[in-house]
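Using the sequences and the accompanying hints, generate a full structural model.
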Amino acid sequence: MATVALDISVLHATSRVRGIGRYVYDLARGLHTLAPSTPRVVGLELTAFTGKATLHPQLGPAAERLRNGGTPMISHARWAYRQRFGLARAARRAQLALLHTGHPEATPLAWGRHVRRVTTCHDLIPFRYPQFYIGWRDGFAAGRKRIDARRYRRADHIIAVSRASADDLMRLLDIAAAHISVVLNGVDVSSWSAIPTPDDAALRARLGADEGPYLLYVGAADWR
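Here the sequence shown stands for residues 216 to 439, where the numbers follow the working numbering.
Where hints are given, some of them may not hold.
Unchecked claim - Straight-line distance between alpha carbons at most 25 Å, and here's what the computed SDA-like set of lysine to any residue pairs gives: (1) 267 with 230; (2) 360 with 401; (3) 267 with 326; (4) 267 with 244; (5) 267 with 283; (6) 267 with 254; (7) 360 with 299; (8) 360 with 374; (9) 360 with 320; (10) 360 with 382; (11) 360 with 372; (12) 360 with 344; (13) 360 with 307; (14) 360 with 439; (15) 267 with 286; (16) 267 with 293.
Claimed, not checked - Computed Cβ-Cβ distance ranges for the label pairs, DEER-style: (17) 394 with 263: 29 to 35 Å; (18) 255 with 429: 43 to 49 Å; (19) 312 with 432: 23 to 29 Å; (20) 368 with 418: 44 to 50 Å.
Hints in this document: simulated from the structure, not taken from any laboratory. Think of the CB as a built atom: it goes at the ideal place given N, C-alpha and C, for glycine as much as any other residue.
Here you go:
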(Lines of atoms letter the chains of each structure in order from A; the text may use other names.)
(Lines give C-alpha, C1' and ligand atoms only; values in the text may rest on other atoms or scores of the structure.)
Protein backbone atom coordinates (compact mmCIF):
# COMPACT_ATOMS: atom_id res chain seq x y z
CA MET A 216 0.00 0.00 0.00
CA ALA A 217 1.35 3.43 -0.94
CA THR A 218 2.17 5.65 2.01
CA VAL A 219 1.72 9.43 1.96
CA ALA A 220 3.26 11.47 4.78
CA LEU A 221 2.72 14.94 6.16
CA ASP A 222 5.94 16.38 7.59
CA ILE A 223 5.07 17.50 11.13
CA SER A 224 8.68 18.22 12.15
CA VAL A 225 8.08 21.99 12.17
CA LEU A 226 6.17 21.44 15.41
CA HIS A 227 9.59 21.00 17.05
CA ALA A 228 10.47 24.60 16.15
CA THR A 229 9.59 27.97 17.63
CA SER A 230 6.79 28.45 15.09
CA ARG A 231 4.80 25.51 16.48
CA VAL A 232 2.04 27.71 17.92
CA ARG A 233 1.83 30.38 15.23
CA GLY A 234 1.81 30.88 11.50
CA ILE A 235 2.88 27.87 9.51
CA GLY A 236 3.17 25.75 12.64
CA ARG A 237 -0.54 26.26 13.25
CA TYR A 238 -1.25 25.42 9.61
CA VAL A 239 0.59 22.09 9.89
CA TYR A 240 -0.98 21.32 13.26
CA ASP A 241 -4.54 21.97 12.09
CA LEU A 242 -3.94 20.08 8.83
CA ALA A 243 -2.68 17.06 10.76
CA ARG A 244 -5.72 17.11 13.04
CA GLY A 245 -8.06 17.50 10.08
CA LEU A 246 -6.52 14.62 8.14
CA HIS A 247 -6.73 12.45 11.24
CA THR A 248 -10.51 12.87 11.38
CA LEU A 249 -11.00 11.58 7.84
CA ALA A 250 -12.16 8.04 7.30
CA PRO A 251 -9.37 5.53 6.53
CA SER A 252 -8.40 5.83 2.91
CA THR A 253 -5.93 4.60 0.33
CA PRO A 254 -3.24 5.75 0.28
CA ARG A 255 -2.96 6.18 4.02
CA VAL A 256 -1.59 9.46 5.42
CA VAL A 257 0.90 9.31 8.29
CA GLY A 258 2.96 11.89 10.12
CA LEU A 259 6.72 12.11 9.60
CA GLU A 260 8.75 13.45 12.53
CA LEU A 261 12.40 14.11 11.68
CA THR A 262 14.57 14.04 14.80
CA ALA A 263 18.20 14.08 13.59
CA PHE A 264 20.47 15.52 10.91
CA THR A 265 21.30 11.94 9.91
CA GLY A 266 17.74 11.31 8.71
CA LYS A 267 16.48 9.53 11.80
CA ALA A 268 12.70 9.88 11.82
CA THR A 269 9.51 8.35 13.17
CA LEU A 270 6.37 7.61 11.18
CA HIS A 271 3.16 8.17 13.13
CA PRO A 272 0.07 6.28 11.87
CA GLN A 273 -2.02 8.32 14.33
CA LEU A 274 -1.41 11.72 12.76
CA GLY A 275 -3.61 13.85 15.03
CA PRO A 276 -2.30 12.59 18.39
CA ALA A 277 1.29 12.89 17.13
CA ALA A 278 0.79 16.55 16.21
CA GLU A 279 -0.94 17.17 19.54
CA ARG A 280 2.00 15.67 21.44
CA LEU A 281 4.57 17.78 19.60
CA ARG A 282 2.64 21.01 20.00
CA ASN A 283 1.17 20.67 23.48
CA GLY A 284 2.95 17.75 25.13
CA GLY A 285 6.00 19.55 26.46
CA THR A 286 8.35 18.48 23.64
CA PRO A 287 11.54 20.63 23.84
CA MET A 288 11.47 23.52 21.37
CA ILE A 289 14.42 24.15 19.04
CA SER A 290 15.38 27.29 17.14
CA HIS A 291 14.09 27.91 13.65
CA ALA A 292 17.64 27.79 12.26
CA ARG A 293 18.40 24.40 13.84
CA TRP A 294 15.11 22.98 12.56
CA ALA A 295 15.75 24.34 9.04
CA TYR A 296 19.25 22.87 8.73
CA ARG A 297 18.06 19.55 10.11
CA GLN A 298 15.38 19.50 7.42
CA ARG A 299 17.84 20.36 4.67
CA PHE A 300 20.30 17.63 5.59
CA GLY A 301 18.04 14.88 6.91
CA LEU A 302 14.62 14.98 5.27
CA ALA A 303 15.51 13.38 1.93
CA ARG A 304 17.20 10.45 3.63
CA ALA A 305 14.28 10.00 6.03
CA ALA A 306 11.74 9.96 3.20
CA ARG A 307 13.81 7.45 1.24
CA ARG A 308 14.23 5.14 4.24
CA ALA A 309 10.50 5.24 4.93
CA GLN A 310 9.79 4.28 1.30
CA LEU A 311 7.17 6.99 0.99
CA ALA A 312 5.19 7.50 -2.19
CA LEU A 313 4.71 11.20 -1.47
CA LEU A 314 5.69 13.72 1.21
CA HIS A 315 3.88 16.99 1.91
CA THR A 316 6.10 19.71 3.40
CA GLY A 317 3.90 22.42 4.87
CA HIS A 318 6.81 24.81 5.52
CA PRO A 319 8.67 25.70 2.29
CA GLU A 320 11.64 27.49 3.88
CA ALA A 321 13.80 24.40 4.43
CA THR A 322 14.19 22.85 0.98
CA PRO A 323 15.78 19.39 1.35
CA LEU A 324 19.21 18.98 -0.22
CA ALA A 325 19.91 16.11 -2.63
CA TRP A 326 16.25 15.30 -3.16
CA GLY A 327 16.15 12.71 -5.92
CA ARG A 328 13.18 11.18 -7.70
CA HIS A 329 12.68 8.44 -5.13
CA VAL A 330 9.79 10.25 -3.41
CA ARG A 331 7.41 12.77 -4.91
CA ARG A 332 7.06 15.99 -2.91
CA VAL A 333 4.26 18.51 -2.49
CA THR A 334 4.98 21.80 -0.74
CA THR A 335 2.75 24.64 0.41
CA CYS A 336 3.24 28.25 -0.70
CA HIS A 337 1.73 30.57 1.87
CA ASP A 338 2.85 33.78 0.14
CA LEU A 339 5.70 35.46 -1.72
CA ILE A 340 5.51 38.72 0.23
CA PRO A 341 9.30 39.02 0.86
CA PHE A 342 9.98 38.69 -2.87
CA ARG A 343 7.16 41.05 -3.84
CA TYR A 344 8.35 43.74 -1.41
CA PRO A 345 12.14 43.34 -1.22
CA GLN A 346 12.64 46.86 0.10
CA PHE A 347 11.04 45.80 3.38
CA TYR A 348 12.24 42.22 3.76
CA ILE A 349 15.33 41.43 1.72
CA GLY A 350 18.92 42.38 2.52
CA TRP A 351 22.45 41.16 1.98
CA ARG A 352 21.80 37.91 3.88
CA ASP A 353 19.34 36.91 1.14
CA GLY A 354 21.58 38.04 -1.70
CA PHE A 355 19.24 41.00 -2.23
CA ALA A 356 16.34 40.63 -4.70
CA ALA A 357 18.25 38.51 -7.24
CA GLY A 358 19.41 36.08 -4.58
CA ARG A 359 15.97 35.81 -3.07
CA LYS A 360 14.50 34.99 -6.47
CA ARG A 361 16.96 32.12 -6.87
CA ILE A 362 16.08 30.85 -3.38
CA ASP A 363 12.34 30.96 -4.03
CA ALA A 364 12.71 29.46 -7.51
CA ARG A 365 14.66 26.51 -6.11
CA ARG A 366 12.20 26.20 -3.25
CA TYR A 367 9.15 25.78 -5.45
CA ARG A 368 10.44 24.48 -8.78
CA ARG A 369 11.96 21.41 -7.14
CA ALA A 370 8.58 20.35 -5.76
CA ASP A 371 6.45 18.02 -7.86
CA HIS A 372 3.38 20.07 -7.02
CA ILE A 373 2.54 23.22 -5.06
CA ILE A 374 -0.44 23.98 -2.87
CA ALA A 375 -1.13 27.73 -2.82
CA VAL A 376 -3.29 28.93 0.07
CA SER A 377 -4.88 31.70 -2.03
CA ARG A 378 -5.48 32.73 -5.62
CA ALA A 379 -3.11 35.66 -5.03
CA SER A 380 -0.29 33.33 -3.99
CA ALA A 381 -0.89 31.15 -7.05
CA ASP A 382 -0.80 34.21 -9.31
CA ASP A 383 2.48 35.35 -7.71
CA LEU A 384 4.04 31.92 -8.29
CA MET A 385 3.17 32.14 -11.98
CA ARG A 386 4.02 35.82 -12.47
CA LEU A 387 7.17 36.14 -10.35
CA LEU A 388 8.70 32.66 -10.63
CA ASP A 389 7.27 31.41 -13.94
CA ILE A 390 5.72 28.34 -12.32
CA ALA A 391 3.27 26.63 -14.67
CA ALA A 392 -0.38 26.71 -13.64
CA ALA A 393 -0.55 22.92 -14.02
CA HIS A 394 1.87 22.56 -11.10
CA ILE A 395 -0.28 24.63 -8.71
CA SER A 396 -3.50 23.84 -6.85
CA VAL A 397 -5.30 26.51 -4.82
CA VAL A 398 -6.50 25.09 -1.50
CA LEU A 399 -7.83 27.80 0.80
CA ASN A 400 -6.87 27.63 4.47
CA GLY A 401 -9.56 26.20 6.69
CA VAL A 402 -10.59 27.45 10.11
CA ASP A 403 -10.99 25.24 13.16
CA VAL A 404 -14.30 26.68 14.33
CA SER A 405 -14.02 24.82 17.64
CA SER A 406 -11.29 27.29 18.63
CA TRP A 407 -13.53 30.31 18.10
CA SER A 408 -16.88 30.84 19.74
CA ALA A 409 -19.19 33.78 20.45
CA ILE A 410 -20.83 31.90 23.32
CA PRO A 411 -19.95 33.57 26.66
CA THR A 412 -17.91 31.58 29.18
CA PRO A 413 -17.43 32.14 32.94
CA ASP A 414 -13.82 33.27 32.39
CA ASP A 415 -14.59 36.01 29.86
CA ALA A 416 -14.82 38.90 32.34
CA ALA A 417 -11.56 38.03 34.09
CA LEU A 418 -9.77 37.64 30.77
CA ARG A 419 -11.00 41.00 29.47
CA ALA A 420 -9.92 42.67 32.72
CA ARG A 421 -6.45 41.13 32.52
CA LEU A 422 -6.06 42.36 28.94
CA GLY A 423 -7.40 45.83 29.73
CA ALA A 424 -10.38 45.35 27.43
CA ASP A 425 -13.12 45.23 30.04
CA GLU A 426 -14.62 48.63 29.19
CA GLY A 427 -15.23 50.47 25.93
CA PRO A 428 -14.35 49.50 22.36
CA TYR A 429 -11.00 48.02 21.44
CA LEU A 430 -9.08 47.06 18.31
CA LEU A 431 -7.80 43.50 17.93
CA TYR A 432 -4.85 43.06 15.56
CA VAL A 433 -3.97 39.50 14.56
CA GLY A 434 -0.61 39.40 12.83
CA ALA A 435 3.12 39.94 13.18
CA ALA A 436 4.96 43.11 14.10
CA ASP A 437 6.36 43.78 10.65
CA TRP A 438 5.59 45.98 7.64
CA ARG A 439 2.76 43.87 6.22
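**Study point:** Hint check, failures only
**Key:** 2, 13, 19
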